[in-house]
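Participant: The chain contents come next:
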Amino acid sequence: MKGWLFYAGLAVICWGVVGLLQKLGTNRISSQSLMVWLLVGFALLLPWLWHGGDVLQINKQDAAIGLLSGVTNGLGSWFLFLALERGAKASIAVPLTALYPLVTIVFANLFLAERLTALQWVGIALAIIAAAMLSYETDSASAFASERSCV
Amino acid sequence: MQAQSLPQSLLAKQRKQSGAAAHVHEAASRRSTKSLRTPTWLVYALLCIFWWGTWGFLSKLGSDRVQPHQLQFLFTFGLIPPVIIACFQLGGKVETDLRGSLYGILNGVISGLGMLAFYAALAQGQASIVGPVTALFPLLTILLALMFLRERINRVQGAGMILALVAILILSL
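Going down the list, the protein sequences come from chains Y and H. Each residue of the first sequence is one higher than the last, beginning at 1 in my numbering. Each residue of the second sequence is one higher than the last, beginning at 1 in my numbering.
Among the clues, some could well be false.
[To be verified] Here are the computed distance ranges between Cβ atoms for each label pair:
(1) Y:A118 <-> H:E95: 48 to 56 Å
(2) H:R155 <-> Y:V40: 37 to 45 Å
(3) H:I84 <-> Y:H51: 22 to 30 Å
(4) Y:N59 <-> H:N154: 42 to 50 Å
(5) H:I153 <-> Y:G53: 43 to 51 Å
(6) H:I80 <-> Y:V106: 23 to 31 Å
[What the hints assert, rightly or not] Below 20 Å or equal to it, Euclidean Cα-Cα: the simulated SDA-like pairs (lysine to any residue) are:
(7) Y:K2 <-> H:I80
(8) Y:K89 <-> H:Q67
(9) Y:K2 <-> H:D64
(10) H:K93 <-> Y:K89
(11) Y:K60 <-> H:H69
(12) Y:K60 <-> Y:V71
(13) Y:K89 <-> H:T40
(14) Y:K2 <-> H:L173
(15) Y:K89 <-> H:N154
(16) Y:K2 <-> H:Q126
(17) Y:K60 <-> H:I80
(18) Y:K2 <-> H:Q124
(19) Y:K89 <-> H:V156
(20) Y:K2 <-> H:L169
(21) Y:K89 <-> H:L90
(22) Y:K60 <-> H:Q67
(23) Y:K2 <-> Y:Q120
(24) Y:K89 <-> H:R155
(25) Y:K89 <-> H:I80
No lab work stands behind these hints: they were computed from the structure. Keep in mind it's a predicted model, so treat the numbers as computed, not measured. For glycine and all other residues, C-beta sits at the position ideal for the given N, C-alpha and C.
Using the sequences and the accompanying hints, generate a full structural model.
Facilitator: Set out below in structure tokens:
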């Protein structure tokens with residue numbers, strides 16, 4: 001198996017479990033509260049990630065990239081939240097936001113000159129469409145599910 | 001990512017809202033779709049796509065230069081300002097329901113582990129492929145929800161599952 005595929009699989013497993021826990025968590029607290037606790041969870045990993053402080057040895061530019069990745073990720077979540085506050089239907093907005101890898105692809109092709117085969121383009125297109133479809137939840141189904149899991 | 005899985009949390013939040021609130025939301029979306037201008041929510045949703053997409057790109061840049069644990073260390077600090085702003089702007093009082101907050105903390109820990117795997121994947125593969133593949137994580141969420149919450153998989157999701165598997169197969173060639 002290709003190395004990247006193994007690690008991508010691990011990421012999907014972790015984030016897939018997170019998705020389930022989030023369904024359970026937001027039955028009890030609001031999503032903005034959940035986000036604060038989420039940050040606490042991230043912070044719990046810090047001692048383990050410290051590794052004798054080797055992070056202090058990386059150069060300023062690389063450190064800025066790391067910090068900005070956190071900022072941009074948080075901003076994305078914040079705008080999704082705003083969209084839902086401003087009347088977006090979750091069954092439309094959430095699948096729409098699943099299209100975010102498109103932006104990554106544009107940047108990667110512009111700035112990193114990533115080259116892909118025609119077959120890979122087909123796979124990418126299918127994956128992005130699939131992600132949008134997977135995150136489609138009908139509003140009635142959600143209500144039904146929440147009644148069940150609240151018991 | 002925590003971030004990517006946030007949609008589910010927001011969805012669940014909407015579920016929780018009272019019928020009255022849902023009605024207001026509907027009215028608001030009707031109003032905004034009726035006007036000729038782009039609806040505000042759509043602008044925000046597109047901004048969400050932009051920032052998450054940029055996050056994926058920055059993760060690739062970082063993964064090519066530094067170790068996953070270093071990147072995740074920095075990521076955590078970078079996330080602090082947006083979380084503070086979001087809480088402040090939304091006037092969100094942090095709820096301390098024991099099980100709810102435990103789920104949240106556990107989410108952070110597992111999300112962080114997922115991030116480390118994401119960076120490791122990006123260090124070896126192209127962002128144009130790793131990005132879309134890892135964005136397929138709802139595949140597992142809906143399967144787990146089927147098993148543990150007895151949520152049903154709707155037709156769109158079912159078709160999405162098949163597409164996802166075909167996509168993974170093609171991209172793993």
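Participant: Indicate, hint by hint, whether the structure satisfies it.
Facilitator: Structure-based check of all given hints:
1. Y:A118 <-> H:E95: 48 to 56 Å: 50 Å, holds
2. H:R155 <-> Y:V40: 37 to 45 Å: Given range 37 to 45 Å: holds, Cβ gap about 38 Å.
3. H:I84 <-> Y:H51: 22 to 30 Å: Given a distance of about 27 Å, which is inside 22 to 30 Å, the answer is holds.
4. Y:N59 <-> H:N154: 42 to 50 Å: 49 Å, holds
5. H:I153 <-> Y:G53: 43 to 51 Å: Since the Cβ atoms of I153 (chain H) and G53 (chain Y) sit about 46 Å apart, the hinted range of 43 to 51 Å holds.
6. H:I80 <-> Y:V106: 23 to 31 Å: Taking Cβ atoms as reference, I80 (chain H) and V106 (chain Y) lie about 28 Å apart, which means the hint holds.
7. Y:K2 <-> H:I80: 34 Å, violated
8. Y:K89 <-> H:Q67: 39 Å, violated
9. Y:K2 <-> H:D64: 17 Å, holds
10. H:K93 <-> Y:K89: Violated, at roughly 24 Å.
11. Y:K60 <-> H:H69: 17 Å, holds
12. Y:K60 <-> Y:V71: 16 Å, holds
13. Y:K89 <-> H:T40: 12 Å, holds
14. Y:K2 <-> H:L173: The given pair, whose Cα atoms are some 9 Å apart, holds under the 20 Å limit.
15. Y:K89 <-> H:N154: Status holds; Cα separation ~17 Å.
16. Y:K2 <-> H:Q126: 12 Å, holds
17. Y:K60 <-> H:I80: The hint holds at about 19 Å.
18. Y:K2 <-> H:Q124: Distance ~9 Å between K2 (chain Y) and Q124 (chain H) Cα, so the pair holds.
19. Y:K89 <-> H:V156: Given pair K89 (chain Y), V156 (chain H) holds - Cα atoms ~17 Å apart, limit 20 Å.
20. Y:K2 <-> H:L169: The hint holds at about 12 Å.
21. Y:K89 <-> H:L90: 19 Å, holds
22. Y:K60 <-> H:Q67: Holds, at about 15 Å.
23. Y:K2 <-> Y:Q120: Status holds; Cα separation ~15 Å.
24. Y:K89 <-> H:R155: 19 Å, holds
25. Y:K89 <-> H:I80: At roughly 28 Å apart (the allowed maximum being 20 Å), I80 (chain H) and K89 (chain Y) break the hint.
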